[in-house]
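> Residue numbers (my numbering), protein chains in the order written: chain A, 855 to 1327; chain B, 3 to 218.
For the record, the hints were derived by calculation from the structure and aren't laboratory data. Backbone N, C-alpha and C define an ideal beta-carbon position, used for all residues, glycine too. Check each hint, because a few of them may be wrong.
Claimed, not checked - As a list, the in silico DSS-like pairs of lysine-lysine whose alpha-carbon atoms are at most 27 Å apart:
id : chain 1 : residue 1 : chain 2 : residue 2
1  : B       : Lys197    : A       : Lys904
2  : B       : Lys197    : A       : Lys1019
3  : B       : Lys145    : A       : Lys1169
4  : A       : Lys904    : B       : Lys145
5  : A       : Lys1109   : B       : Lys206
6  : A       : Lys1173   : B       : Lys51
7  : A       : Lys1019   : B       : Lys51
8  : A       : Lys937    : A       : Lys948
9  : B       : Lys51     : A       : Lys1020
10 : A       : Lys862    : B       : Lys206
11 : A       : Lys1124   : B       : Lys5
12 : B       : Lys206    : A       : Lys1111
13 : A       : Lys1020   : B       : Lys178
14 : A       : Lys1019   : B       : Lys145
15 : A       : Lys1173   : B       : Lys145
16 : B       : Lys197    : A       : Lys1020
17 : A       : Lys1102   : B       : Lys206
Said to hold, decoys possible - Distance ranges between label pairs, derived from CB positions:
id : chain 1 : residue 1 : chain 2 : residue 2 : range
18 : A       : Tyr1183   : B       : Gln77     : 21 to 31 Å
19 : B       : Thr162    : A       : Ala1068   : 50 to 60 Å
20 : A       : Glu872    : B       : Gly39     : 29 to 39 Å
21 : A       : Trp1113   : B       : Gln55     : 32 to 42 Å
22 : A       : Thr1070   : B       : Gly184    : 14 to 24 Å
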Amino acid sequence: MAQTLYDKLFDSHVVHQEEDGTALVYIDRHLVHEVTSPQAFEGLRVAGRKLWRADSIVSTADHNTPTTGWDRGIDGITDPTSKEQVVTLDKNMKIYGALAYFPFLDKRQGIVHVIGPEQGATLPGMTVVCGDSHTSTHGAFACLAHGIGTSEVEHVMATQCLVAKKMKNMLIRVEGILPAGVTAKDMALAIIGRIGTAGGTGCAVEFAGSAIRALTMEGRMTLCNMAIEAGARAGMIAFDDATAAYLKGRTFAPKGKEWDIAVEYWKTLKSDDGAHFDNVIELRAETILPQVTWGTSPEMVTGIDGRVPDPEKIKDAGKRGDMERALLYMGLTPDTPMTEIHIDKVFIGSCTNSRIEDIRQAAWVVKRLGKRVAGNVKLALVVPGSGLVKAQAEAEGLHTIFTDAGFEWREPGCSMCLAMNADKLEAGERSASTSNRNFEGRQGTGGRTHLVSPAMAAAAAIEGKFADVRRLV
Amino acid sequence: MDKFVVHKGLVAPMDRENVDTDAIIPKQFLKSIHRTGFGVNLFDAWRYKNEGQPGMDNATRPLNPDFVLNQARYQGASILVAGKNFGCGSSREHAPWALQQYGFRAVIAPSFADIFFNNSYKNGFLPIALTDSQVRRLIDETKGFVGYEVTIDLNAQTVTTPGGEVMAFDITPHRKFCLLNGFDDIGLSLRHAEKITAFEAARKARHPYYFNTRIA
Ligand code: SF4
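Starting from the given sequences, assemble the full structure and let the hints guide the process.
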């Protein structure tokens, strides 16, 4: 029978299945970070259980790590509770071991979803889990990747398996060519705007179509990363030459003859013709504009030529209430053009948009505009996704484009994406952010987040308000 | 894990959609390396008037009187009823931990985000999906009648209102079995340890490149 990519990935990992469909699914790669692992290691210890397979683990500290002051070593983490988490991960890694551990201050440290693929630790055909919802990112490599909770982290540590039920198959097909200046991030936001933040709930989403195949691996990761914001636990894209080209030669990718054997298998990692999808969504790439969110959920989004919506025009009382609450929180007036919204801070980074291509795009915009960060922008941060991305950008001279224009060039980590470290918005401050969530308080209590692409964030930093990057290209 | 069999309790309404995990338990409280102590910071940004930080004495913080759970009539509530897509956002299990440690045993909504839904079960905290109109009615009745209590019977898979209306809900047999008995998933899965070992060996033979053991 014709199978979808998800069917193939799921079925090839079933160890045992109950009558009601509940399955024990084998996990190939377990990514571990400092926030969601301490209780799992603790649980393992308390129950007197062993870690099943240390060499399935790739681990790093990213959520709490500061983006400045690395020269002071571990003392650079000034918040004692943050430091405790980072130190606890160090201890647990010493006790239990891992295939690879990139601790705070390591040159290869970075956001877990950036370093997995970068190290070739995420491979096609794998099951990849992490106690982090944006694990969907890794699905860009034709693997089944999704976030899990801490109890599940412990479960994987103890059994190398996860208890799971098969999800539904959903296909999002984007055909055509993205307009110049429009990126994978805009595509992701446009999709969420269309189907809503619960649109993919209960589904594994496969992205397909000519516009998806045309994306670089960086773009594909951005798109799969945002699948969770559409409610889908997993997003994925079929294997092709671009996947192979990205992986070849990376640290944990197969080498020599093994590589050829692996590629032969990986070529089968696509949906068969005629495979059944429970739900199909189709979009034309040409219709997608640069996107900006205006509310407190990623589905509250519009094109750059749009305006802040007017709740008065909404019939559904529930939706109207949500919109009113969002506009009140965001401090926005209905009908304001998006290009008239001024910002206080800019954040270029996060597992959505902190890879080399993202940094290049932002740098290109800064250079093209040829001006400094606007006077009303108090802080414009560029936070590379990993130490290796940072080194690459510096080798290309991108960091000086930013620093010359008044941006701050920081050390890698999650940073202002969730503001667990010192990088945050103060109450009432408004950001243009390349991250993935604009929930209330996400970037700091009372902070107001507008999600955009790296190019749009760079343009907003220079103009002091949102601007259409299409006119630059 | 806590057993869940029958629970009768006071209901509190959270009449909004897309209640996200950042709202349920803001990130500054995720810095703990423990599993407990999250209840006092449940819905922290909505519940208190000042910004909460770990280690604060919450008893002295100014409460937001407009927040539903701060109203006298909802003190002691153990069942939350909310709008669709409850628990969306991050994978933090701290969200069900916080709800549970606050005193909730169950949350009823038209739909839930997948990871939150899963995480809840792992802790003996029951997420119940009912239809839009059933949830609407529960929210309205909860607001309308002080002391509104419902009974959740897991074995029968029903929610019963004070008026005697019975609403049925779905749950997979596996989850029901675990909750009714308070079984921990890990113990159950380890009964299949031999199967796991055999699967692993076969996979390694066929796809050795997934079993890199080089420590970097
Ligand atoms: S960058 Fe943001 S979304 Fe990504 S893993 Fe870090 S905190 Fe989570």
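> Identify every previously stated hint that the structure contradicts and give their numbers, smallest first.
4, 7, 9, 11, 14, 21, 22
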